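> Sequence:
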Amino acid sequence: MRFLIAAAALASVLGFTGTAHAQSSVEGRVDRLEREMRAVQRKVFPGGAGATVEPQIRPEQSPVEIPGVPASSPVADLTQRIASLESQLQSLTGQTEQTQNRVNQLEDAFAAYKRSTDARIRALEDSLSAVPVRGGADGPATGGSGSNGGTAAAPPVPAPARPTGARAEQLAAIQKPNGADPAENGYLYGYRLWEAKFYPEARKELEAVVTAYPNHRRASYAQNLLGRAYLDAGAPSLAAKTFFDNYSKNPKGERAPDSLYFLAQALEKLNKPSSEICRVYGELEKSYGDSISAEIKSGVAAGRTRHKCK
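Under mature numbering (1 follows the signal peptide of the UniProt record, and there is no 0), read the sequence shown as residues -22 to -1, 1 to 288, first letter to last.
Think of the hints as simulated: they come from the structure by calculation, not from any bench. This one's a predicted model, so the numbers in the text were calculated from it and none came from an experiment. You can trust all of the hints, since none of them are fake.
Distance windows between CB atoms, simulated:
(1) Ala150 with Lys247: 28 to 34 Å
(2) Gly157 with Pro229: 26 to 32 Å
(3) Ser253 with Arg20: 55 to 61 Å
DSSO-like mimics (lysine-lysine), calculated; alpha carbons at most 30 Å apart, straight line:
(4) Lys227 with Lys275
(5) Lys219 with Lys154
(6) Lys275 with Lys175
(7) Lys286 with Lys247
(8) Lys227 with Lys175
(9) Lys219 with Lys288
(10) Lys264 with Lys219
(11) Lys264 with Lys230
(12) Lys227 with Lys288
(13) Lys175 with Lys247
(14) Lys275 with Lys247
For glycine and all other residues, C-beta sits at the position ideal for the given N, C-alpha and C.
Using the sequences and the hints given, assemble the complete structure.
The structure is reproduced here in structure tokens:
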């Protein structure tokens, strides 16, 4: 009898120890999984603030226990916690892999776009590399004429000498804007000078805007109009360089499409081959498409017909 009692006591002790050991092992697994879960969440959501991910696959909910049914054991509770943590880890791992894949795709697309854009710009640079920049008939030596009265030498940056006579009176009649934005004032005044065919004075104002305010919205306008001032004054070489610079250095500027169009006009004035002019028209349509104004679309269509562009 004493032997049976001792055996029963020993079995009870051993059973309790085994259960405690199993529970300790499972708790260790839970602690490890919870630490890994928190580490993954800190990496995926570095901002914190409760940015956790609910598991996409949840364990089935236990049925409502009828009063009197014994509660689940600690091991069963820990097992359920493990299943939930493993589900969350699987969900986070999948989302992380999908995000990384999208980032890789975006990087590849941007790299391809950059290579394509660089190649097109190099092709245009090759076309312009043969354009001579010289004085004489193709230099900025032609001053304004006609309604603005008189002609005078016009270097790239006009001399600061004050004009005299009828020209001075006509210049004085052109109103200078006095708004709060100096870049806007400079561009508008340069535009009024260009419109009145005072090309040297217009170039001076427009160059000042481009130099002083390269990141202003009007910089694209000023650079494009500067090229037109060169072109209208009979300096297509300088005009071509100015137009190309406006497109290549500020392709998202509002007057970049216009500069490509007038670049083709400058190349035509220089008697460049039709293949080079057609290349510029092609770049214009490829880069800007439907954003081109109706006036430029009409001019491009006429130019492509004139030069038999394919």
